[in-house]
Structure formats: structure tokens, C-alpha cells
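Protein chains in written order, with the numbering used here: chain A, 1 to 217; chain B, 1 to 217.
Just so you know, these hints were derived from the structure itself, not from any lab. Errors might be hidden in some of the hints.
As the list claims (entries may be wrong) - Straight-line Cα separation of at most 20 Å, SDA-like style, residue types lysine to any residue; simulated pairs:
#1 K153(B) <-> L137(A)
#2 K153(B) <-> S138(A)
#3 K153(A) <-> F152(B)
#4 K37(B) <-> T113(A)
#5 K92(A) <-> T206(A)
#6 K195(A) <-> T62(A)
#7 K92(A) <-> F172(B)
#8 K142(A) <-> K153(A)
#9 K92(A) <-> E175(B)
#10 K92(A) <-> S173(B)
#11 K142(A) <-> T154(B)
#12 K160(B) <-> Y100(B)
#13 K92(A) <-> C171(B)
#14 K153(B) <-> R72(A)
#15 K61(B) <-> H190(B)
To be verified - Partial chain B-side listing against chain A, Cβ under 7 Å, derived:
#16 Y86
#17 A94
#18 T155
#19 C156
#20 K160
#21 Q170
#22 G202
What the hints assert, rightly or not - Pulled a few chain B residues facing chain A out of the computed Cβ check, cut under 7 Å:
#23 G88
#24 F152
#25 A158
#26 L159
#27 L163
#28 I167
#29 L169
#30 C171
The model shown is predicted, which means the values in this text are computed figures rather than measured ones. Idealized CB from N, CA, C, for every residue including glycine.
There are 2 protein chains.
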Amino acid sequence: MKCLKVIMNWFFYFYYSIALYIFRLMETELLCSFVQKISPLTNEELLAFTNGWQAITVKRKTVLTAAGETERYLYFVLEGLQRAFYIGEENKEATIVFTYPPSFSGVADSLLTQTPSLYFLETITASRLIRINYEQLSDLIKNYPGIQQLIFKTTCFALKGALQRHIELQCFSNEEKFKVLLRRSPHMLHLVPNKYLASYLGMDATNFSKLLATVKI
Amino acid sequence: MKCLKVIMNWFFYFYYSIALYIFRLMETELLCSFVQKISPLTNEELLAFTNGWQAITVKRKTVLTAAGETERYLYFVLEGLQRAFYIGEENKEATIVFTYPPSFSGVADSLLTQTPSLYFLETITASRLIRINYEQLSDLIKNYPGIQQLIFKTTCFALKGALQRHIELQCFSNEEKFKVLLRRSPHMLHLVPNKYLASYLGMDATNFSKLLATVKI
DNA sequence: CTGAAATCTTGGTATTTGTCAAGAATATCA
DNA sequence: TGATATTCTTGACAAATACCAAGATTTCAG
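Go ahead and model the full structure; you've got the sequences and the hints to work with.
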């Protein structure tokens, strides 16, 4: 009897280890294929880059970074939905960006300049992420030209995106912004609460609801 | 008589050369002190970086980069005022950013990602600028870590600025935006035509004028 | 310096957008 | 699963903002 128990424990541990290993392999694989699309790395760089990430699993509505804090991590989203948002006068929220897998996440400007974040980063749904802290990332950037290139490119694309969105916010009416959203990210309508979509488009939630009724289809 | 003419020519050329030399020294000095504040360079890097810039002098309302073109230059402003703006439906303009000395200029996202610009870059007043083309800049970035660091940092600050402005556009009322402008850049009121300031704040020009009358002081 | 063009101001009006409230629908957690 | 929050919808109303036009002012180029 004792013997059986030992064997079972052993089996359990064996399979658990394999499962964990495969799991980590899959995560790493996801990260690898993501970064390779942005900027090709050598095998050595890839190995260095994918090493040292910490996996976290969090519930919905978990604050990953609070406004006022300085961002400590670069995140990579494996599963779930997150948003960065600003809280203004009278607790009005302005959603800056949504993130979902596979992509990096984190308050980019705060992380890169190591200055306090203006935004909150929060999970919308339960999420699985991996993250690497600023010091490790800095070392990687310092020591591997390809990784520096990767982060630089990512930053450039972020800037491009921010300026693109700038236009939409400044030039488009609520209805136009709504239509752009419908056209460009129809899936978001199902995934994200309307409340957040409204705050992403910079309009009142009730107005968003009315647009849904009139503009739809 | 002939002799006198030759001597005068010689003198002219002599002083002209010296003047030009001093001029270039001053320009370079301006660029040096500007970049040193962002990210310190070694002497060698500084020498490499300040070399190869082309000086241009342009009249007011000169288009430096047109929407649809891919930005070819990184500019450094020595004198004058410029703005980047987007032209939307019915020729409505949205000013993205103003640039004035000493600072870099150019459509940052287009230059960095080498994709077509969404904006026009145009001088508001007659301007003196120096510029370096993308290929040269790329080489400098590739060959000098300090210069890569400089451009990377500049990009990060640009991103930070874009996200900061994002908040203002999305959360503030016209009056609030106007007050922020008054507080943060009062000098702009004298330098920049109200028309452009209005389009910078994302409001109608007539509304801007009314705010000037009511909010002032 | 002067005529022509661009810009600014102002009032009135139309449109867009936000606010409030309350009931309906939906999602969440124990 | 059921109780409890949260979110969504809808209407009427209020506020903000854009639009238009015309005259005053300023700026610019020849």
C-alpha cells in the first residue's frame, strides 16, 4: 500500500513536470514567433530574450500598474484582455489602449522613460501573462543588439499607433469613430464591455448605446 | 585698378569663408548642446553625429514633407517655427505638434518606420534648419551605440508626449484645453496664428476666438 | 507703401454631445 | 442556482460646440 502511494506520487510528479515543461515551451514558442515577426533575432539572442520571464495568472479587474507608479515590467499577454486607462476629473475614465494575445503589454512610456505612469493597467478578463522586469530588460538591450533593435522597433510602432489614434480622436465625430471601430475591430464588440469601448472612443456610454441602436449593421 | 579688384575679391572671399565657418560652428554647437542634454555622447560619437548635416533656409509656408510621402530627413531646427498637421474631410486641419528651436523636427513615425506620412510638415515662419537623411542616420545608429541610445531616448520621449496629449484631447473640454495652453505655453499665443492654435486644440477657430475674449487673463 | 489676401472677431443659429434618471437585461460570486 | 451588483437601454432635457456670414483688422508681397 505504501509502495503504491509512492509510485503514484512519483507518477504524478513525473506527469506534472512534463506538463509544466510543455506549457513553458508553448509560452516560449508564442513569444518567439511574436518577436520574430517584428525583428529577427539570432538563436543566441532568442534564447537570452525568452529566458527569465515570470508567469502570472490574475483574475479579472486586477490592477497590474497603478497611475503614479513607475512601470516595472514588460508584459507579454498569453491569454485574456487588458486595458490601459486614465482617470480624470470626477472619476471619468479614458481608455487609451486594449491589449490581447499575442502582444506586449505594460505602460510603454512609463517603462521606457522610468517616470510615473499616468495610466492604470488593468485586466478586463482573467489573464495569463508573462513578464520581465526593467532591470533584466535593460541588460538584454545593453548586451544584445538584436534585442535593442526589437524594443526600438516596438517603440516606433507604438509611436505610430499613438499618432494614428491622435487623428481619429481629433478629427472624427462620435459616429465616425464608432464606424471606424465597427469596421476595424468588430470582434471587440463582443469581447469588451460597451462602457470601455465608449471610453476608448472618448464618448459618453449612453451615447455609445444610442449609436449601437441607430448605426448598427 | 585691376589689382584693387583682385584684392577686394580676395578680402571678400576671406571674410565670407570665416563668417561661414563661424556660422557652421555655431550651428554645430547648438546641436551638440541639445543632444548632450538628452543622452551624453563620447567625443567621437559627437563628431560623427554632427557631421554630414545639410543646411537649408526656407520661406514661410514651405512644405517640408507632404502627407503620403515617406519622411526622408531628421531635421534640427535652428530658427523659425514649424507645424505638423493632418488634413481630413473638407480640408479640415488638425495640428499635431509645433516645433521650434532648439529641437528635432520631422515626421517621427514616418521616418522611423519608413512608412508613408499621414501628416504634412510645414514651416509657419521663415526657417533655418539642418537635416540628415535616413540612410546616414541609420548608419550612425548602427555604428555608434551612443547615437542609437540618443535616437531611442528621443523616440521614447516622443511617445510619452503623444500619450500625454492623448489624455488632454480625450478628457478636457475646449475651455480646459485652452487654459492648459495659456498656462503651459503662453508665448505661443504671440508666435502662432490663432487658427493653428485652434486646430492644435481640436476646436473651431471661431470658438477659440471667443475663448480668448472670455477666458483671457 | 499700398492693394490684395488672409486672419480675426462677433452674433445668431443648428447640431452634436453630455447628463440624468429609471427600468430592463446581464453577469458575477458565494 | 439565486441574490446582488453591474451594465445596458431609452427618453427628455441641458450644455457644449460647430457652423455661417459679414465686417474689422492684420499681414504680406510686389
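Evaluated hints:
A hinted pair counts as satisfied when its Cα atoms are at most 20 Å apart, and K153(B) with L137(A) qualifies at roughly 15 Å. Between K153(B) and S138(A) the alpha-carbon distance is near 13 Å, which keeps this suggested pair within the 20 Å criterion. Between K153(A) and F152(B), the direct Cα distance comes to roughly 10 Å. Compliance with the 20 Å bound is thereby established for this hinted pair. Between K37(B) and T113(A) the CA atoms are separated by roughly 15 Å; this keeps the pair inside 20 Å, and the hint holds.
Between K92(A) and T206(A) the CA atoms are separated by roughly 14 Å; this keeps the pair inside 20 Å, and the hint holds. Between K195(A) and T62(A), the direct Cα distance comes to roughly 17 Å. Compliance with the 20 Å bound is thereby established for this hinted pair. A distance of roughly 11 Å separates the Cα atoms of K92(A) and F172(B); the hinted pair therefore holds under the 20 Å criterion. Restraint check for K142(A) and K153(A): the C-alpha separation of about 15 Å stays at or below 20 Å, so the hint holds.
This hinted pair checks out: K92(A) and E175(B) have alpha carbons roughly 17 Å apart, not beyond 20 Å. Only pairs whose Cα atoms come within 20 Å are accepted, and K92(A) paired with S173(B) is accepted, the gap being roughly 13 Å. For the given pair, K142(A) sits about 17 Å from T154(B) by alpha-carbon distance, which is consistent with the 20 Å threshold. Restraint check for K160(B) and Y100(B): satisfied, since their Cα atoms lie roughly 19 Å apart, inside the 20 Å limit.
At most 20 Å may separate the alpha-carbon atoms for a hinted pair to count; K92(A) and C171(B) meet this at roughly 8 Å. About 18 Å separates the Cα atoms of K153(B) and R72(A), which keeps this hinted pair within 20 Å; it holds. Note on K61(B) and H190(B): the hinted pairing holds, with a Cα-Cα distance of about 18 Å set against a maximum of 20 Å. Given hint, Y86(B) at the interface with chain A, holds; its Cβ is 5 Å from that chain's nearest Cβ, closer than 7 Å.
Among the interface hints, the one on A94(B) holds; its C-beta lies about 4 Å from the nearest C-beta in chain A, closer than the 7 Å criterion. A least Cβ separation of about 5 Å between T155(B) and chain A falls short of the 7 Å threshold, and the interface hint therefore holds. Checking C156(B) against chain A: minimum C-beta separation of about 4 Å stays under 7 Å; hint holds. Taken as an interface hint, K160(B) checks out: its beta carbon lies about 4 Å from the nearest beta carbon of chain A, inside 7 Å.
The beta carbon of Q170(B) is positioned within 7 Å of a beta carbon in chain A (closest approach about 4 Å), and the interface hint is therefore held. Because the beta carbon of G202(B) sits about 4 Å from the nearest beta carbon in chain A, less than 7 Å, this interface hint is met. Annotation: G88(B) was flagged as interfacial toward chain A, and the flag holds, the nearest CB pair being 4 Å apart, inside 7 Å. Because the closest C-beta pair between F152(B) and chain A is about 5 Å apart, less than 7 Å, the hint holds.
With its C-beta approaching chain A no nearer than about 6 Å, A158(B) sits inside the 7 Å limit, and its interface hint holds. At its closest, the beta carbon of L159(B) sits 5 Å from a beta carbon of chain A; the interface hint therefore holds under the 7 Å criterion. Because the beta carbon of L163(B) sits about 5 Å from the nearest beta carbon in chain A, less than 7 Å, this interface hint is met. For I167(B), the shortest C-beta to C-beta distance to chain A is roughly 5 Å, which falls under 7 Å, so the interface hint holds.
At about 5 Å, the closest approach between the beta carbon of L169(B) and any beta carbon in chain A falls short of 7 Å, and the interface hint on this residue holds. Below 7 Å, beta-carbon pairs count as interface contacts, and C171(B) has one with chain A at about 4 Å; its hint therefore holds.
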